[in-house]
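Asker: Letter by letter, the chains look like this.
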Amino acid sequence: EAQVTQNPRYLITVTGKKLTVTCSQNMNHEYMSWYRQDPGRGLRQIYYSMNVEVTDKGDVPEGYKVSRKEKRNFPLILESPSPNQTSLYFCASSPQDRVYGYTFGSGTRLTVV
Amino acid sequence: GESVGLHLPTLSVQEGDNSIINCAYSNSASDYFIWYKQESGKGPQFIIDIRSNMDKRQGQRVTVLLNKTVKHLSLQIAATQPGDSAVYFCAERPGGYNKLIFGAGTRLAVHP
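Protein sequence lines, in the order shown, are assigned to chains A and X. Sequential numbering of the first sequence, starting at -18, is according to my numbering. Sequential numbering of the second sequence, starting at 401, is according to my numbering.
Please keep in mind that the hints were generated in silico from the structure rather than gathered at the bench. Just so we're clear, the structure is a prediction, and the values are computed from it rather than from any experiment. Just to be clear, a hint being listed does not mean it is correct.
[As the list claims (entries may be wrong)] What follows is a list of derived Cβ distance ranges for each label pair:
1) X:D417 <-> A:S87: 39 to 47 angstroms
2) X:R461 <-> A:R(-10): 29 to 37 angstroms
3) X:G496 <-> A:R25: 16 to 24 angstroms
4) A:R(-10) <-> X:Q414: 33 to 41 angstroms
[Stated by the list, open to error] Partner residues are not named here, just some residues of chain X that face chain A (Cβ under 7 angstroms, in silico):
5) Y425
6) I434
7) K442
8) F446
By construction, the Cβ of each residue, glycine as well, lies at the ideal position given by its N, Cα and C atoms.
Work out the full structure: start from the sequences and follow the hints.
Answerer: Listed below in structure tokens is the structure:
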């Protein structure tokens, strides 16, 4: 089944403790992206990648890092999480570098206390 | 369930009625638009898309209308069903950019 898989689905952590949210897609998509979703707001882009070793900042990149060492994986790293990063996170992928609609993962609910 | 639906505008319809969800987009240079459906606890799912050189596109039970003059997008759902209950997002792709910009969303509540 073609899909984007995120792990974990739920995570509660403490301020300052580094964490990684994994994302993997099995569709051989070039384009991958991370979004955060907060109550009453649309999805806001954190980082995106157009291909292996090519990443760039989205609209809200502060406090996040990403890497794209392999085509299928695009982990999101929070080096020192803070409570304002409590949110619902989505990974998405697209089959070409001109975005024609994403396939989204099921989301990761992160709570930072 | 997820709390992303808090504070969103809500459209309540009776089962079997037609629904119209509206979206105002921001960038007159946007060349591509998508509607997504997000059910509780799930990621957004693609519904239908439209390019800026079109003003109407139809799918199965759904129609998207684009009015570039007033930068307005609408999603029409025919014979709305309980399974259509969800949050609906529009998204635009600014011309020349490899990204989508999402609207805040509208909650659709279908009552029997």
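Asker: If a hint holds in the structure, say so; if it doesn't, say that too.
Answerer: Here is what the structure says about each hint:
Remark: the range hint 39 to 47 angstroms for X:D417 to A:S87 is contradicted by a beta-carbon distance near 30 angstroms. The hinted window of 29 to 37 angstroms between X:R461 and A:R(-10) holds, with their beta carbons roughly 30 angstroms apart. Roughly 20 angstroms separates the CB atoms of X:G496 and A:R25, a value that falls within the hinted 16 to 24 angstroms. A beta carbon spacing of about 34 angstroms between A:R(-10) and X:Q414 agrees with the range 33 to 41 angstroms that was offered as a hint.
Using the Cβ-Cβ criterion of 7 angstroms, the hint placing X:Y425 at the interface with chain A is not satisfied: the shortest such distance is roughly 11 angstroms. Taking 7 angstroms as the C-beta contact cut-off toward chain A, the hint placing X:I434 at the interface holds, the least distance being around 5 angstroms. Residue-level restraint check for X:K442 holds (minimum Cβ-Cβ distance to chain A is 6 angstroms; threshold 7 angstroms). Interface hint status for X:F446: upheld, as the beta-carbon distance to the closest one in chain A is roughly 5 angstroms, under 7 angstroms.
Comparing the model with each numbered hint stated earlier shows that hints 1, 5 do not hold.
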